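Colleague: The lines below spell out each chain.
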Amino acid sequence: MLPPPFDYVAPRSLDEVLNHLAEHGDEAKVLAGGQSLIPVLKLRLGEPALLVDINRLPGLDGIAEDGGQLRVGALVRHRDAERSALLRERYPTMAAAAPQVSDPLVRNLGTVCGSLAHADPAGDWGAVMLAMGAELIARSREGSRAIAARDFFDGPFTTLLRPEELLVEVRVPPRPRTGGAYLKLERKVGDFATAAVAVRVTMDNGRIADAGIGLTAVGPSNLAATDAEALLAGAEPTDEAIREAAELAARAASPSADTRGSAEYKRNVIRVFTERGLHQSVAMATAAGGA
Amino acid sequence: MEITVTVNGSAHRLDVEPRLLLVHLLRDKLRLTGTHVGCDTTSCGVCTVLLDGVPIKSCTYLAVQADGREVQTVEGMLEGGQPSAIQAAFKQEHGLQCGFCTPGVMLATKALLADNPDPTEDEVRWALSGNLCRCTGYVNIVRAVRAAAATMRGPEEASAPDQAQAAADREEVSA
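The listed protein sequences derive, respectively, from chains C and R. So that you can map any letter, position 155 of the first sequence is 157 in the numbering used here, and since no number is skipped, the others follow by simple counting. So that you can map any letter, position 173 of the second sequence is 1047 in the numbering used here, and since no number is skipped, the others follow by simple counting.
In isolation and in its complexed conformation, chain R is listed as follows (with noise of 0.2 Å):
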């Protein structure tokens, strides 16, 4: 059947079968491989995209229940052909280190900072929570979480305790 979808602010007009999951349109049909493949049981969250803004996971959505709706994947996040304040994060705090979940991760912290510009570090576990790493332990991601709000938040926001509580966590981390 017939859908229009839009992925990444372009829209798409598509011819699919009813059961074409969200994911293999995405990877399959638009050729957009940054949105990966785990589990494909609805367990891992590595295939997380942004549905009108809402982090869900992508191998358990229809391609036909996106008709007239927003998609967003990772290669949607470079901003002026620049990596976001999150890639950039993520980046330099080295939230990553195969980086097989990494594009779902950075969607839902996307998420989580459109809802709460300043998370403390439960609340990013807490969001992240239907992400699985099985590299990182978590650490640096949840630091570059934090890092990204603050950066995003802008200099004025970012307040001398959290920059002395970045440092402080930092510390424990090499000691």
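For reference, chain C alone in the conformation it holds in the complex (with noise of 0.2 Å):
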């Protein structure tokens, strides 16, 4: 399949790309990975008039923690985020979540701010954002803002990114005494998920300070389980705490019924996974120190 024509250009600066935005609008697409854009191009989905490409511009390639935060730069490969050392001792859902996404040549290419950029409901690293209590970070000509992974994602394909912007990080706070899981259920390598939970929970004292929990591929964006979280949020970690925030997470699911199962079924794996996870979660936090 052929892409329709479209111009490109591949700056070397930051200034270079924020100029094309701004001057081309909703007429421009940013090129990163391409793993969802050239797809999207391939089968016509959409028909922009200039490609970005922004492979080219330096620095923007590093995942490392840096003012008290931890900074996801736009170029950061979903590989580059399986490998990453920092990723497995202190961020453990981002560290799960990141090899389940796609394929092995998928995520050579593809990057986490260009999948959060996508906004795919069935995208993995939404869900995963929304449970570690992330921000995004927009930059355009008039300067920079952040917003919460919470406000972010407007439905699906759409986000609160304007034409003009460029997500250039995503930050992500760290957490001590923090466990996490990311559950997916796959039909096979590399398919989008039938359905996904990401959880974090952060322990102190053997209570849990509070828990993040992200859905994905049950509904019109990645879902925030806010019900289940705010039960959780100072919650001694019982059996009965755990399977009553998983009760809550299934109901916050909206899931539709399509080739990958009906939506009786996705719910039900919400739940399973939800319980799954947190069980996971505070065990893996208690043993960093949470008890």
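For the record, the hints were derived by calculation from the structure and aren't laboratory data. Please read all numbers here as calculations on a predicted model, not as lab measurements. Using N, Cα and C, we set each Cβ at its ideal position, and we do this for glycine too. A few of these clues could be false.
Derived EDC-like pairs: lysine to aspartate or glutamate, alpha-carbon spacing no greater than 16 Å straight-line [what the hints assert, rightly or not]: (1) C:31 / C:18; (2) C:31 / C:166; (3) C:44 / R:914; (4) C:31 / C:55; (5) C:44 / R:891; (6) R:903 / R:876.
Stretches of chain R that chain C covers, calculated by requiring three or more beta carbons in the stretch to come under 8 Å of a beta carbon on chain C [said to hold, decoys possible]: (7) 881-895; (8) 909-921.
Both chains are given apart, each in its own frame, so use the hints to dock them into the complex.
Modeller: This is how it looks when you write it as structure tokens:
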């Protein structure tokens, strides 16, 4: 399949990128990993006049803690996240999710920020960033602004990013005594999730200080299971509390029936995965000194 | 627009449309038809090539993005005109049937072995999980990859347990 014709630029500086976006507005699309954008073009689901390739920009490929936060730049590939010792040690939800994104070949090119900006309701990173309480940094010629992951997703493939803005990085708060999990059901490697759950639990003195739960592929966007999170905040991590939180997470899901399963089936997967993920995360956080 | 791409060690200066996919540059402009097109929807991995040594799907990458980069296709796998250790192992271990997915599988294998010279069966299956084969059931592919790894590590490195395991695997399948 041949994409429709478009103009192409590959600037070497962020200013040039932002100028192109400012001048072309929603006629321009940013090309990072291209693992969603190029299929979109080939399927003629979008016909942008201009592709702004950001792969030649320096300084956007880092995953590092800086200024008290984890910063994930716009050119960090899923593969980089998968191989990051820092994520394995300190951000277990992210480390669990990275190797479950698509397949190894796609992970070699696709980016974390690109996946967030694409905002596929079946995308994995959105649920993870909801669970992590992340902030997304949008940059334009006018300056930059931070958008909470909880506000970022506006519907299927729709976010608060404006056409003239580039998602330059995601910032994630580091938390001690934290465990995490990403549980994903897929029909085969590389398929989109039938349903998935991102869990983060931060412990304090044997209690859950706070928890984040993000859901994948069970609504018009990635969803936060806020009722379940509220129930867990300050709670003892008993089997009963976890079971109840899992019920609330299942209720927060609004899946549609499709070839991957019925709505009821997917809701049940969310319940089971939330319960399982919470148990795993509590155990991990407790081992990390949160008892 | 004008780009320079190094393919299998030779630099090519080409004038291409921005929308041209890398796989079509290879097949139609350079006549390197060893890179196949399967699903054309980023699912099957048949079009896998190495971009600066990293395996990617060439149906989901623009030729213009490869400007200044190095691409390797199956045609570049020969070593001194002879099949490389990986190619020889796929032949020896029957790591193919129809052969359609084989170029992509062998290139993904090359990247794996560059990273990990002695992968376990699970590591092989994981690394090749983006490359679909509809014929073999993967058993002989995995065996070929591990055989290639053993050859490439050299005789002193190929440990006895490895060979015993390979023999056991063979018996299990023939039984």
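Colleague: Now look at each hint and say whether the structure bears it out.
Modeller: Structure-based check of each hint:
no. : hint          : result
1   : C:31 / C:18   : holds, 14 Å
2   : C:31 / C:166  : holds, 10 Å
3   : C:44 / R:914  : holds, 9 Å
4   : C:31 / C:55   : holds, 9 Å
5   : C:44 / R:891  : holds, 15 Å
6   : R:903 / R:876 : holds, 14 Å
7   : 881-895       : holds (count 4)
8   : 909-921       : holds (count 5)
Checked against the numbered hints given earlier, this structure breaks none of them.
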